[in-house]
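Protein sequences appear in the order of chains E and R.
Residue 144 in my numbering sits at position 144 of the first sequence; the count goes up by one each step and never skips.
Residue 47 in my numbering sits at position 47 of the second sequence; the count goes up by one each step and never skips.
None of the hints are false.
Listed below are several chain R residues computed to face chain E (Cβ distance under 7 Å; list not exhaustive):
{"no.": "1", "residue": "Val17"}
{"no.": "2", "residue": "Arg19"}
{"no.": "3", "residue": "Ile21"}
{"no.": "4", "residue": "Leu26"}
{"no.": "5", "residue": "Tyr28"}
{"no.": "6", "residue": "Ala35"}
{"no.": "7", "residue": "Cys37"}
{"no.": "8", "residue": "Ile123"}
In case anyone wonders, no lab produced these hints; they're calculated from the structure.
A virtual CB, placed ideally from N, CA and C, is assigned to each residue, including glycine.
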Amino acid sequence: MAGQEHTVWRKASVIALASSFRAHAFVYPSTPVPFPRSDLGQFAARALARSWRRTVPPTPLKPEEISAITPLAISAGSAALLWRAINETDSSDAENLRAVYRYNAINAGVHEIHIADIFERMGANGVEPILFKGWGLARLYPDAGFRPYGDLDLWIRGQELEAAKKALPAGEHLYCVELHTSFYDQYERSFDQVMSCSQLVRLHDVDVRIPCAEDHLRFICMHFLFHGGWRPLWLCDVALMIESRAPDFDWDRCLSGKRKYADWIACVIGLAHQLIGADIAGIPVTRRAHNLPRWLAPAILRQWGEEMGMSFAEEVSFSIKRDLGRPLALPKHIKSHWRNPVQASVEMDAWLDDRWRMPLQAAAGLGRLSAIARRSAANILKS
Amino acid sequence: MKTSNGNLPKAREGDLVTRQIPGELLVYDLERHKAFCLNNTAATVWKNCNGRRNVPQLAQLLADTNKSRVDEKVIWLALDQLEKSNLLCDQVSWPAGLARLSRRDLVRIGVLGTIALPLITMIASPAAAQTGTAITTSACNARSQPNCGGNPCSNGGPGTHCLAQGVSNCSCK
Numbered sequence: 001m002a003g004q005e006h007t008v009w010r011k012a013s014v015i016a017l018a019s020s021f022r023a024h025a026f027v028y029p030s031t032p033v034p035f036p037r038s039d040l041g042q043f044a045a046r047a048l049a050r051s052w053r054r055t056v057p058p059t060p061l062k063p064e065e066i067s068a069i070t071p072l073a074i075s076a077g078s079a080a081l082l083w084r085a086i087n088e089t090d091s092s093d094a095e096n097l098r099a100v101y102r103y104n105a106i107n108a109g110v111h112e113i114h115i116a117d118i119f120e121r122m123g124a125n126g127v128e129p130i131l132f133k134g135w136g137l138a139r140l141y142p143d144a145g146f147r148p149y150g151d152l153d154l155w156i157r158g159q160e161l162e163a164a165k166k167a168l169p170a171g172e173h174l175y176c177v178e179l180h181t182s183f184y185d186q187y188e189r190s191f192d193q194v195m196s197c198s199q200l201v202r203l204h205d206v207d208v209r210i211p212c213a214e215d216h217l218r219f220i221c222m223h224f225l226f227h228g229g230w231r232p233l234w235l236c237d238v239a240l241m242i243e244s245r246a247p248d249f250d251w252d253r254c255l256s257g258k259r260k261y262a263d264w265i266a267c268v269i270g271l272a273h274q275l276i277g278a279d280i281a282g283i284p285v286t287r288r289a290h291n292l293p294r295w296l297a298p299a300i301l302r303q304w305g306e307e308m309g310m311s312f313a314e315e316v317s318f319s320i321k322r323d324l325g326r327p328l329a330l331p332k333h334i335k336s337h338w339r340n341p342v343q344a345s346v347e348m349d350a351w352l353d354d355r356w357r358m359p360l361q362a363a364a365g366l367g368r369l370s371a372i373a374r375r376s377a378a379n380i381l382k383s
Numbered sequence: 001m002k003t004s005n006g007n008l009p010k011a012r013e014g015d016l017v018t019r020q021i022p023g024e025l026l027v028y029d030l031e032r033h034k035a036f037c038l039n040n041t042a043a044t045v046w047k048n049c050n051g052r053r054n055v056p057q058l059a060q061l062l063a064d065t066n067k068s069r070v071d072e073k074v075i076w077l078a079l080d081q082l083e084k085s086n087l088l089c090d091q092v093s094w095p096a097g098l099a100r101l102s103r104r105d106l107v108r109i110g111v112l113g114t115i116a117l118p119l120i121t122m123i124a125s126p127a128a129a130q131t132g133t134a135i136t137t138s139a140c141n142a143r144s145q146p147n148c149g150g151n152p153c154s155n156g157g158p159g160t161h162c163l164a165q166g167v168s169n170c171s172c173k
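Next up, chain E with everything else stripped away, as it sits in the complex (with noise of 0.2 Å):
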């Protein structure tokens, strides 16, 4: 994520995900998949339409086409939804998804346990952070074993960062929060801004603030654009809150702010309704969210298609002091980081309108290129 990113793992008195639990790991095997990644993406998207609401109806998929996504969708975070839509199905991959259902539902109890051991240490320490995305988000759907999550990205004031990492138990590992003390400038939200507005949610007796539907719709919107779209999750996201949405809600609360980012907005609205079903009845973006630049949804979708998406790419400053040795994988690690259009686009903060994406890819790595090359040139000096 944009901005200050401060990682603190530490143990909880009572919570931590132990490697013991981890070690069990479910292993999906791995099979050759029959369709071309093209078509994944779409299956991906049929197959999670409607997938948060409450009553979710039948998925039009084919057993083999559930087959050729359900590895997709347990690395993507999205098995738990794709399961819910395939309940009924005979599905043979219903089991193996209804397994990774069991963990996320035990884990989210287990995190909302952590959660509030963490608001309670933070208010102690005079601390006062805001939760985004994870539990903010999780708490939406129907169960929140159907929207896994992992770190704690916590927002804070600048001048509480010390005093927040003094308020995490001291031990060796296994309670990962982020703290963060700024965010995209894009997102244009002061802290104070995101506080005025924010809500307290009880929550093992113990009060959890997080912004306000206005403001966290906004974020996650960015969240997505700046992260390629490569999860089908996040877009559910958007999706729930849109529907789940208050009779009040304040779009212009929302969408203040330079046009080009209220329109960004709108262009992840659009996709949420084109790609997975979304109901945006009623919504002041709607003309623009039925209007998409035409590269935008295909690019979603090729992105869904992708084996890991964009993040999983090793970071070539780390590859290259072994890749120096074998010039023929190197090109293939660069063409991993190569921005899809939407992260391209976003990077380089330009509209997202029917101009050609490629300039922007281009111009994105090239602006990649040299924070690489210090960061190899520091590594192989390091070694």
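Given the coordinates of chain E, assemble chain R onto it according to the supplied hints.
Here is chain R on its own, set in the frame of chain E:
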């Protein structure tokens, strides 16, 4: 571990997180960091182990709940699994002459009613990438504490995460 008096099993209550999902009860042991899935039969037995009911009473309760006759051996099987999963306060004192039975044994000797045999399974972690952004082993190794991040490792083996190693390093484990 203590031995319970007179086979009045008592379910553990502390340091557990439970979550009911359709047809199953999920339990996370905060002491041992293990998660279990109890089917309805095992869950019913466990939830009714209050330290005051003995095995015949538990069998009767299960029978009433399911409107079906329940052999006491089913309860013993459940208690055996609950004990092995550390979900009971005390060790169950096994009656002399009653061998520990497996589910297969019960099927073989014909102890099958209309209820499902108790089953407790350990919940496994799904693929590493379920939560958080995955990084590679080399990316993890290049980090230093306290910024290991805890991200899943994409090539460090299933279920591995980037965690603190030694005084200042990070590694996938």
